[in-house]
Every structure is written in C-alpha cells, then in structure tokens.
Amino acid sequence: MSGTSLVSARERAIAVLGGEPDDATLRRYLHGIAGVDAVGLEQRAAGLGTRSIKTSSKKWALDRIIELIDLTTLEGADTPGKVRSLVAKAVNPDPSDASTPRVAAVCVYGDMVPFAVDALGAAHGDPDDGLISVAAVATAFPSGRASLDIKLADTAEAVAAGADEIDMVIDRGAFLAGRYGLVFDQIAAVKAACARPDGTSASLKVILETGELVTYDNVRRASWLSILAGGDFIKTSTGKVAPAATLPVTLLMLEVVRDWHLATGQRIGVKPAGGIRSSKDAIKYLVTVAETVGEDWLQPHLFRFGASSLLNDVLLQRQKIATGHYSGADYVTID
Amino acid sequence: MSFLDYAPAPESRAILSLRDSYGLFIDGEFVDGRGEPFQTISPATEERIAMIANANPADVDAAVAAARRAYDRTWSKMSGRDRGKYLFRIARLVQERARELAVAESLDNGKPIKESRDVDVPLVAAWFFYYAGWADKLDHAGLGANPRSLGVAAQVIPWNFPLLMLAWKIAPALAAGNTVVLKPAETTPLTALIFAEILQQAELPAGVVNIITGAGDTGAALVSHEGVDKVAFTGSTGVGRAIAKQVAGTDKKVTLELGGKAANIVFDDAPIDQAVEGIVNGIFFNQGHVCCAGSRLLVQENIHDEVVERLKLRLSTLRLGDPLDKNTDIGAINSKEQLERIRTLSDIGEAEGAERWTAPCEIPENGFWFAPTIFTGVQTSSRIARDEIFGPVLSVLTFRTPAEAIAKANNTPYGLSAGIWTDKGSRILAVADQLRAGVIWANTFNRFDPASPFGGYKESGYGREGGRHGLGAYLAPAPIGQSSTSHAAISGRASTAAVEADASAPAKRSRTAKPARTLKNATKGSKR
Amino acid sequence: MSRLAVPKTYKLYIGGAFPRSESGRTYEVLAADGSFLANAALASRKDARDAVVAARAAVSGWSGATAYNRGQVLYRIAELLEGRRAQFVAEIEEAEGVTRAVASAQVGEAIDRWVWYAGWADKFAQVAGNANPVAGPYFNISVPEPTGVVAIVVPQDSSLLGFVSAVAPALVAGNAVVAVASERFPLSAISLAEVLATSDVPKGVVNVLTGSPAEIAPWLASHADVNALDLVGAGALDWISLEVDAADTLKRVLRPESGPDAAAPALGRIAAFTETKTVWHTKSLR
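Protein chains in written order, with the UniProt record's numbering: chain A, 1 to 335; chain B, 1 to 528; chain C, 1 to 286.
Only pairs whose alpha carbons sit at most 27 Å apart, straight line, appear in this in silico BS3-like list of lysine-lysine:
| # | chain 1 | residue 1 | chain 2 | residue 2 |
| --- | --- | --- | --- | --- |
| 1 | B | K424 | C | K283 |
| 2 | B | K312 | B | K326 |
| 3 | B | K326 | A | K320 |
Restraint-style ranges between C-beta atoms, simulated for each label pair:
| # | chain 1 | residue 1 | chain 2 | residue 2 | range |
| --- | --- | --- | --- | --- | --- |
| 4 | B | P360 | A | D128 | 28 to 38 Å |
| 5 | B | E301 | A | L176 | 28 to 38 Å |
| 6 | A | K240 | C | T66 | 51 to 61 Å |
| 7 | C | T66 | A | S278 | 50 to 60 Å |
| 8 | B | E365 | A | H31 | 43 to 53 Å |
| 9 | A | S56 | B | N366 | 21 to 31 Å |
| 10 | A | D128 | B | I15 | 38 to 48 Å |
Derived list of chain C stretches under chain B, where covered just means 3 residues or more per stretch with a C-beta under 8 Å from a C-beta of chain B:
| # | segment |
| --- | --- |
| 11 | 134 to 142 |
| 12 | 229 to 243 |
| 13 | 248 to 261 |
| 14 | 277 to 284 |
Honestly, the hints are just simulated from the structure, not real lab data.
C-beta: ideal position from N, C-alpha, C; glycine also.
Build out the structure end to end from the sequences listed, making use of the hints.
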C-alpha cells in the first residue's frame, strides 16, 4: 500500500484552508470547526458499546479483528529474537487452527525493521492481499522530543530498511502551544521522508497522543491538522501514555474521517492503539466504525488496532466458538 | 452477511412468570374486578399477554376505602423513618427484579429493551431511593415545620413510561405520608401489577398502595371520587383539562403533567455531532412517545442543510424491530389508536406541503410500527408544528437570530421542555431564561433524575414531579399554630389548586364556605 | 369662609394611563353613611381585554428587570404611600366608616406589606429554587420564574389593605397584574394607582379595573392570555364557575379566602404565581 502523494496533499490543504498552512491560518480554520460536547460524545460511545453481537456476526468479527491488528512490541528490551517470535505469531496466530487469519502488520521500533522484514520473508506485503506489513514507529517515538533532522533520519532509515508504514508522533508541545504551522510542517516533512526512490511511499500514521492533548476539541483539531498535512492514518496513542485509546476518542476521530470523506472523497484510516485488550472491547470498536463511517472502513488500509495482548484474547474466543467450551491461557501462545 | 446485521439478540422471556389473568390490587390482595376484563397485548406482535381485571365504580369505592383505612389507621401514624424504610425496601426489590421488570415493560409497552433496561427501570429504583430518604425529613421540604400529608392520592398514569410514571407518583406520595390508589394505562398495566407483587414482598401494610386497572371511565371515577384528597395525573392536555374542571371547587390538590411540543434549538456553533445525537434522542427515544420530546427542531438557517443531512445519515443506522432485541433502537408504537393518530398527522403534514423523509427500515408484518420520519419545510402554522404527535416524527423549522428562535420556541400553548445547542455559555443561559418551559436541556436532551423537578408551564400542566418540589406536591403546611414558622413556608397559607401549596387542607382553612353550584349566576351583573 | 373643594374623577388604570371605561359606564360609590362619594368607572369586558393586553406587554420588561431593581421599585411604592398616608386614611375613614385609628392602621399595614414583599424580590429564588444533585455529569438547577399575567379579584371588604395584600406578592417574582378592585371600596385602589403611576413601576405592570367583579371576572377567567387567576376576593361570586373557566387553558388558580387573614403575607402567595424551571447542562473538563 502507498500513501497519497505529497504535492497533492499540500495543495489540497491550501485549497481547504484558503491560505498557506501557517499558525494563523490553521488556527482560524481549526478553531472554526464545531466543538465537541464531551458528555454527549461519551454517551454516544457508551451507547455503541451496548450493541450485542451474537453467533455468526461474532465469528466474523473476531476474524476481522485479527486481520486489523498491528501486532506490536515497543519495549526498550526488544531484541531480534523477540521480534522474530512476534512475527511468527503474526504469521500463524493459532497453530491449532489453520483457518485463523493473519494480522495486518507487525509494529516495531525502527532498528528492528530489518529483523521483522527478514523474519516475514514471503509473508511480507500488503495486508489487503493477505500479507503482513512492517510498521515502524519513528520521529523519536514516543515523546517526539528531537530535532526535525533526527526525526526525518529516523523515518528515512526505517523506510529504507523495508518499513511499509511509519507511525510518527506529533509534537504535542508545539500543538498545545498553538504552533499548528510547525506541527503541519513536521508532518509534511515526515511524509516526504516516507518516499522511496521508486516513487512510492510508505503509509504514514500520525499519532496524536490523545492522552496528552486531553480535550476532545484538541483531538478533533489535531485530527484535522494531521489529515490536512498528509497523514494516511490518524492514530490515537503511543501506548506509553495513559489514557491510551478510548472508545469516545476513537469515535471522535472516526467522525473527523467521515467528515473529511464527505468533503473531499478521500478515505483516511483510523488506528486506536493501546489499552484494547479484550475481544469484547474490540467488537465495540468495530461497531463504532460500522455505525460511524460504514462497514467499508473495516479493512486493513482504513482501520487498525494497535495491540499486543488483544490477539490472544481473540484467539481464546475463537476457540470457544469452535469447541463450544471456554479455553484457557495455556492454549494460546504467549507472544 | 453484513456485519451490521447483528444476529438477533433477544432478551429472554424466561425470566418472566406471568399469570394468565390479573386482578385488582386492593387492600394488599389481588381481587376480581366487577367490570368486564380486558386483555393486554404486545404491540410488537399483537399477541395476548394476559387478561386484566376491569375496575367499576364499586371497585373504585373499595380501593379508595382501603386507602382511607390504611391512611387513618396505619400510614399517617407511622414514623417517617419507618415509611422511609418501606420505600428503601421497595427500591431494593425493584433492583433485584430489574431484568424481569424491564422485559415485562418492553413486552407490554413495545419500547426497546435497552431503554427499559438502561433507563426506565434504573430510574424507578432511583426514584424510590430518593424519596425514601425524604420520608423522615419533611420539615425541610420547604413548607415549614411539621407539614402534613394530604390523605388519599388518586393517581392516573399514561402508557409511555408505565413503571417509571408509577414510581414518579407513588414514591413521593408515600414518603409524604399519603396512601395511594393508582390506575395504570389500559394498554400497559403489566408492570404495575408485578409491582404490586413487589409491594407484597416488601410487606407494605395493606391498603397503602392500591392498583386498579381499567380504561378512561375507571380513571374518571377515581379522580372524581369524593374520598380522594389529591389528584395526580400524567397524560394528555385534553384529559388534564377535564380533570381541572372536575376538581374545581373541591378541596383536592392537583398535579397535572400534560402534553408538550418542545423546541430543540440548534445554533450554528453547536457541537454538531452531539446535537445530532441529541435530536435523535429527543424525538426518537421511546418511539417519540414522550411528553417532553423535542418534536420541533429549530435549526439556524445557515446550518439547516448540513444538520438535516447528518440527521438522515444517522437515522439510517437506527434499527427498528423486536423490542426485546438488545440491538433495537426503535420499538413498536404502543397501540393501534396511537399509530392511527401518528399516520393521520403525518399525512396532514404532507398535505400541508412539508417534505417528508422516512428512514429506510423494514416494518415487521404484525404489530404497530412507524418508521422514524422527518418533515422539512415545516411552517410554524403547520399542524405538525403545533399538535403533539406523540410519535417518531420530527418537524424541522428554521430561525435566523436568537430572538427569533425564542419567539418560535415559545409560540405554543404548551411549555413542558426545550433544548438548546450552542458552544456559547452566555447564550445558553440567556436563552434558557427566556424559554417558557419547565425543563431546559442545554447541550443534552431527555435526561431525568429523581432529584430534578419536572413539569410544565402553561397548558403542559402544573405542579412538579421530582426533587424537593415534587415532594411538596404531596404535602400541606402545618395548620396555623402548629408550625413555628407560620409564613416562612414556601407554600405559606395561600391555598391553591395549582401550585405546591395548601390547596387541599380539608376543613382546616379559613375560607368562605364553598358556594353551592346553584349560586351560579346569582351574583352575575349585580350591583350593590 | 370655607373653600369649595375640587372632587376627583376616578377612572380605570390600564397600561399606565387613566382611561374611562370604554363603555362609558360609571357607578355610584357611596360612603358608609350612604352619601355620594364618587362615580367610579364600571369596567366592561373590553376594558378587561385592554388591561390583559397591557399586562402582557409589560411582562418581559418587569420580569426581565433584576430582582434587586424590582425590590427597589416595590419599596419605592411604600415610600410614596407613606408620603400620602393622610389622603388614604381620610379616604378609608369616609368610605368604610371606620375611625381614623382603624383607617390609619390599615394604611400602615398596607405600607408594611409592600416593604415585606419588596424585600423578598431578590431572595425568593434562593428559597424556592435549588441546585439538584443529579446522578450524572450535569449542572442542574431549579429556579422559580413568573408565570406571566395574573388576574386578581382582590379582597372585597377593604379599601387598600386587601388590594395591596393580593397584588404585591404577584409582582414580586415579575408577573404583571390585572386587579379587579373591591366593588364597594374602589376609590383607594385608584388612588393607589395614582401612586403607582408616579412611582417607578413600569406602565402595564399593574392594571386596575373597578366595577362589578361578577361581570368582569368571567372574562378574565376565560381569557387565554391570562396565566393565573387569584380568586382570593371572589368568595361571594360563583367562583367555582370561574375555576372551571380557568381550566380551559389550565390557569393556575388560587381559591377564595375570607376573614381578617385573607391574603395574609406568605411566601406561598409569591410561589403561587411562579413556575419552577429546571435547567440542565453537561459538564466536563474534556
């Protein structure tokens, strides 16, 4: 998969904004977007969470959740061996059931990309084709506190090493200080750094770190900003800050994506990441996607779960459906 | 199959153990009614649920007599603390049997189980908990020290929130020390009768609460009964008006919770997605069978098209069908008669030139159903902008300025509720000040709480239910000389049929003797 | 050498003006000894209609004034009344045939009631309203608001005190009033209207009709633009019919009272003409 072209993204931003994407213009635009009533948003999310999924729908949902997972390891203690183990799990999540689908991607630190690519071998490719992508976090993940040059180098190196997707973090400090132009420029620059020599480009996921943006109005503005600057995906969190993904935040980002699609015809992806550990929770996200932007969005290039332990819970639920009785933690593998 | 076609997830009916027929609950026992029994059906399937006894005037007499005995001998003599304990017991029993009550409510009423389960029944328990705590604190109800109960309360409730309206009526009445004869609506008696079983489990003294079933004539007999000291009615303005006439000249204190035609005002700076949710919740909650429903959408002209478009998108995801299915958003219309009324008024809307849009959804073969419907291009003079439809039908009108929004919102004989959606705090408060309605929801809609007074201005009725004000509706100030703060009481010594004041102090008031009806016209046109 | 007095013409008080009855009718007001006092206007249904129109027009301004301001305006009435004590005492002595001391007591009490109710203007909402601790993320508050136009049949057995006792409480919360004066003792009501006209009470806030309550009250009871009906002084009328008429538009109704305690000062008289409005708003830090 490849992202949108850089030039068109900037031109489109100028067209949408009616001017250069500087602090003042962006501020005028982003602050002109309708506000969010937190209570109403959270109630709507809670309402979606009460949908009840049964039998055949549930089976379909569980498989789809697996197909949408970015199986993730982002630890200081990560090693090539740990990554190979993760990849093995991504390729063959449930050794006892060959019908189990593969995950969408493995998500690792930049320096682990070569090991992931190597371990995937022929399984490496576009998840829309049933293959597995390599996603790399970049831009001084998770804090983003580094110079732009380092962020760009971080990105370019991961792409050169074979990363298909870049999960960047925005400069939350700059965003909270109202320096929207700076955030825009950095996203655009990282997007440029995603380009490959052959003219294609790695897909760019822009992590808002909603736990640090705190308010829903900020989340909505950061979502618009990230899309305007050329992000292919907007992603909630690094997983290193609490709260990470929540259903209301994800609903809100889906609403932005819906509105952007209505306005431009372009489909942007959404990735809730961190804190989604149970199948039950993940199904609530599927319902939220389906009822907000439509079922079309439940594809790897438009929706992902950033998760690690979620996969095993889904596998347990699949086993329950297959066998009719509850499974146990020792019947799924630990990576 | 589409993921959104969730497999049916019906709530099990196995939790219910219904009887084939139900009697009247009088003096702590189920007894046969002397009228012709009638059946209660599920509006979703038109299948019979049970046979229900029909109270005739003699049964009404018996119920009122039982309530009077219980008042004189037991309830009025019991300490507030003990009355409170009974109410706490009832609250707990409602919680224990919550799922059963929710299933029964959805079965009998047609409302989605997610509403009866998540809204109606939890609020019922909350209402009893709230008023339980008041029972021994009546000195703080705002009527001065030692307020007194009124006696026997006649309560007639509607079919839209059968059990919740029962709780709104019974909880404050009992907390204040009154006894009760309650008549549920003809089409939705089921949960009231299960509630009677709960009262037996709570060992509430016999006769403190009596539940009699029947149609309008039973209600009329109850309201006009001479042994009744207080009348509380929730229902149509037409019936409310008739009751107000019936009690004119009597000592009965009255609370009326009547119709509405609420404006839901959306300004162009509103939090738009939440506003759309609020509009949906405002008019499609409980199939629009809500007296405070936001049935008139007043949207600022410059965002009209956007709001309507978003609304249609949202409505297209609503799921209409089996009320017992946990995924159902829109249940059945409660009765054939109501369905006819909704159809008639909608046809009038179309004939008057408004543009009709109906959400795409499959209508089940049996039962009473009406798909969510929006009318755009509605004029303030249209019938669908003036008459209470009491169904899932939204009329969309526009405005340009806050003043115009307020004027249009207030341009109705009703005054029950209203909604305001805007990000601007000062505007919310100023608009709320000027709306002539008893409940204003700002950036939300259709919220209810036992601590929050509810009730209307103008032809939406008088008196309040909920909160301290709702308690006052079942009390009178202490007789003069028995309260240390004679005119500190909010309800003072003014007598009123209308407000939470001393309108029904039987024979304890300094008032001219009631003139006989024969005096009519005797003084007309007379000059000294 | 005695001076020939200039008698006053007593007219109606509608919308801040003193018109004659549109019907051109008057009736003789007699002193307690049967002697002629004045020809008072015999108000017609059209006068009642005009008074309701004037009252309705005054509601938004009066209810929109700050409570502090309303309190000051009501207190100002007491001040002006105090200054014209002698006039009212004399009027009452003559009309009611009571001693100067009794008349003086009545005027004094009337003044004191204005003071008492004036003080409530900016406190009533605090006593009758409250914050409601609802189970959810909401700010929720209940406040009393004026019901609108209040029609009052004032107590019939006094000149001034009954009128003040019935009218003052209705004004506290911001209602506008159409008052039907005592049929037998109407003159002090009109004299009070002259005080009101020269005080700070906006025109239309109080409207005074003299004449036959039995003739006028039914038109007020059935008038759709009247929000509340105070029958405190209607005990001798067919007040049940009036209450029945009022039910057509679900007016708030206060029933008749009699005796010396009629319309005694009470918070309930203020509350009777208010509506509790409850406002919800979401609250969140996010």
